[in-house]
Amino acid sequence: MTRIFTVALSLLVAAPASAQDFSEGSEANSWNLYAEVPARFEATVVDPLCVLAGECADDCGDGRRQLALLRTADDVLVLPLKNNQPAFTGATNELQPFCGQDVEVDGLMIDDPDIGATNIYLVQRIRSVGAEEWVTANKWTRDWAEANPDAGGQGPWFRRDPRVLAEIEAEGWLGLGPDAEREFLLDWLPE
Amino acid sequence: MTRMGFVVSAALGIAASTALGAEGERVQVTGEVIDTWCYFSGVMGPPIAVVGSAHHTCALWCSAGGIPVGLLAEDGTVYMVLRLAGDDRSNGGDTQLHIASHTVTADAMLYERDGLNYLVVAEVTADQDIINQTHEDFGVVPGFAIPDDARPTE
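For the protein sequence lines, the chains are A and B, in the order given.
With the first letter of the first sequence counted as 1, position 13 gets the number 13 in my numbering; the numbers rise by one all the way through.
With the first letter of the second sequence counted as 1, position 127 gets the number 127 in my numbering; the numbers rise by one all the way through.
Watch out, some of these pointers could steer you wrong.
What the hints assert, rightly or not - The following residues of chain A were derived to be distant from chain B, with all beta-carbon distances above 12 angstroms:
1) D21
2) E42
3) P48
4) E55
5) P86
6) F98
7) D102
8) W134
9) D150
10) E181
What the hints assert, rightly or not - Covered, in the sense of this in silico footprint (three residues per stretch, anywhere, with C-beta under 8 angstroms from a C-beta of chain B), are these stretches of chain A:
11) 26-37
12) 69-82
13) 116-126
These aren't lab readings, by the way, just hints derived from the structure by calculation.
The beta-carbon is built from N, C-alpha and C at its ideal position, and this holds for glycine as well.
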């Protein structure tokens with residue numbers, strides 16, 4: 001009976017996710033963000049559209065869908081928004097090779113409940129549970145380069161991405177239309 | 001039921017409800033399609049500066065870059081978008097890119113899980129385009145979003 005009571009108590013104690021600290025052992029680099037908290041934990045890589053809505057697809061959507069981390073310690077669904085590149089790049093490409101697998105991740109939680117930031121994450125490195133080597137979460141730009149071999153010009157991907165350039169050409173830098181923003185650009189940009 | 005039995009049942013009940021997740025609820029949400037990373041992280045400035053026209057170019061970059069888009073409702077609630085109408089390409093898809101910074105109304109299923117609100121949008125029932133003209137107060141955020149050589153000829 002004592003053992004049953006201990007198990008029951010541990011489940012009750014584990015329920016409030018916010019009370020847990022996952023910073024132990026983290027080697028995450030700071031991004032100097034207001035609400036960042038280092039976090040290293042084990043999780044299963046899941047398709048949240050499948051977990052939440054029952055809309056499942058082969059191989060977690062094969063890279064089309066956002067992916068999430070179902071944390072092993074407390075069953076909390078963590079949504080990674082960002083990979084480890086300071087380049088406006090998300091986390092799905094980094095997690096997709098681990099679809100359905102149990103992994104260990106290291107990175108930064110963003111915890112700012114006042115604006116709704118709860119259980120969101122920046123993943124810096126990832127490995128399968130039991131693996132020795134970590135994989136740095138920085139493959140997004142390589143994936144983009146492979147998918148866009150004909151992207152011309154110079155500079156980072158976001159200056160050369162055909163879809164982004166097409167949107168800006170059609171709708172302008174502010175999204176208000178090239179004619180509507182002309183006076184602003186003349187004032188904003190140096191002669 | 002004994003007191004001990006109640007404790008065990010309660011504990012197992014909590015575990016079961018967590019594993020199953022929340023039930024979905026059909027909702028109509030009106031809000032701006034935002035870049036959730038810049039909004040939540042503060043990396044480019046305060047939340048009020050990383051929405052609307054001031055942040056539109058950066059919102060395009062982040063959407064194309066696979067950062068999840070959200071709907072920011074008037075009451076400040078952020079809804080993470082998992083599917084947009086018939087398009088499940090929430091990782092950088094064209095549908096979400098076309099409506100970056102737009103204020104839209106969505107007919108959707110809402111799933112609440114672990115403090116986040118997730119939307120599965122069945123239909124965008126209204127699209128007001130970009131109405132949040134934040135460039136009038138903040139200029140361009142980040143400042144480098146528009147390169148100097150984009151200056152129109154006078």
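Checklist entry - Is the nearest Cβ of chain B still more than 12 angstroms from the Cβ of A/E42? => result Label holds. Min Cβ-Cβ 16 angstroms, cutoff 12 angstroms.
Item to check | Least C-beta distance from A/F98 to chain B larger than 12 angstroms | outcome: holds, 15 angstroms
Checklist entry - Are 3 or more residues of the stretch 26-37 of chain A near chain B, judged by a Cβ distance of less than 8 angstroms? => result holds (count 5)
Item to check | Least C-beta distance between A/D150 and chain B, which was stated to exceed 12 angstroms | outcome: At roughly 16 angstroms from the nearest Cβ of chain B, A/D150 sits farther out than 12 angstroms, so the non-interface label holds.
Next on the checklist: Is the coverage entry for the stretch 69-82 of chain A by chain B consistent with the three-residue Cβ rule at 8 angstroms?
Outcome noted: holds (count 7)
Next on the checklist: How does the stretch 116-126 of chain A fare against chain B when you require at least three residues with a CB closer than 8 angstroms, holds or violated?
Outcome noted: With 6 residues closer than 8 angstroms to chain B, the stretch 116-126 of chain A meets the three-residue bar; holds.
Checklist entry - Does A/P48 really sit off the interface, with its C-beta more than 12 angstroms from all C-beta atoms of chain B? => result violated, 6 angstroms
Item to check | Cβ separation check - A/W134 to all of chain B, threshold 12 angstroms | outcome: A/W134 is indeed farther than 12 angstroms from all Cβ atoms of chain B, at 21 angstroms.
Next on the checklist: Checking a non-interface call: every C-beta of chain B should be farther than 12 angstroms from the C-beta of A/E55. Is that right?
Outcome noted: With a cut-off of 12 angstroms, A/E55 comes too close to chain B, as the shortest Cβ separation is near 7 angstroms.
Next on the checklist: Confirm or reject: A/P86 is not an interface residue toward chain B, with every Cβ-Cβ distance exceeding 12 angstroms.
Outcome noted: violated, 9 angstroms
Next on the checklist: Using Cβ atoms and 12 angstroms as the threshold, tell me whether A/D21 really stays out of contact range of chain B.
Outcome noted: holds, 16 angstroms
Next on the checklist: Using Cβ atoms and 12 angstroms as the threshold, tell me whether A/D102 really stays out of contact range of chain B.
Outcome noted: holds, 16 angstroms
In this structure, the earlier hints numbered 3, 4, 5, 10 are contradicted, and the remaining ones agree with it.
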